[in-house]
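Student: Could you build all of it, start to finish, from the sequences and the hints given here?
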Amino acid sequence: VSDSPGMQCGVFILQGGEGILEGNEILHHACAGVEINQGGCGRLKNNTIRDNLGSGVLVSYRSLGELTANHIHSNGGNGCEVDEGGKANITACHIRGNGKYGCVIYDRAEVVIRECHIHDCSEGGVQVYESGRCTLTECDIRGHGYCGVEIFELGDCK
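For the sequence shown, the positions run 202 to 359 when my numbering is used.
Check before you lean on any hint, since a few could be wrong.
Now the in silico label distances, taken between C-beta atoms and shown as ranges [as the list claims (entries may be wrong)]: (1) G240 / Q209: 17 to 25 Å; (2) H229 / D357: 29 to 37 Å; (3) E316 / E219: 20 to 28 Å; (4) R343 / L215: 28 to 36 Å; (5) E316 / E223: 13 to 21 Å; (6) A270 / H229: 19 to 27 Å; (7) G277 / G220: 21 to 29 Å; (8) T336 / G220: 18 to 26 Å.
Bear in mind the hints are in silico, worked out from the structure with no lab data behind them. The beta-carbon is built from N, C-alpha and C at its ideal position, and this holds for glycine as well.
Tutor: Set out below in structure tokens:
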């Protein structure tokens with residue numbers, strides 16, 4: 202799924218919609234590669250999501266994202282961003298070389314990150330704040346410009 206005239210994001214899953222994306226390459230969009238928003242549910246497996254100007258994957262506004270074995274890299278913003286009460290399970294993903302953070306969790310979002318490799322992002326690996334909650338299990342987090350894991354402003358990380 203490459204850029205098309207007028208397309209801001211590669212894939213939108215919105216307003217209670219459900220999407221399953223497997224084995225795709227999603228690249229070169231003006232905003233996020235994949236946006237799951239307004240109660241949408243997205244299952245992403247074995248995709249390459251790269252070179253988007255915004256975040257690779259955005260899960261927002263009470264939506265659910267299941268990300269498994271994806272390669273999320275070289276995006277201008279964050280690799281994965283979860284906010285506004287969104288929930289995500291991120292498992293066995295390679296998240297690297299993004300322009301900001303590998304994963305950002307905030308504004309009441311809840312995220313479980315397991316067995317992921319989060320490397321070499323410009324600012325940091327995982328950032329949790331504004332009542333965001335995150336569980337990190339068996340992850341390899343290293344080589345970031347600022348810090349591996351940053352928790353502040355009522356963020357919670359276990």
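Student: Could you run down the list of hints and mark each one as holding or not?
Tutor: Now the hints, each set against the structure:
no. : hint                    : verdict
1   : G240 / Q209: 17 to 25 Å : holds (20 Å)
2   : H229 / D357: 29 to 37 Å : holds (35 Å)
3   : E316 / E219: 20 to 28 Å : holds (25 Å)
4   : R343 / L215: 28 to 36 Å : holds (35 Å)
5   : E316 / E223: 13 to 21 Å : holds (19 Å)
6   : A270 / H229: 19 to 27 Å : holds (22 Å)
7   : G277 / G220: 21 to 29 Å : holds (23 Å)
8   : T336 / G220: 18 to 26 Å : holds (25 Å)
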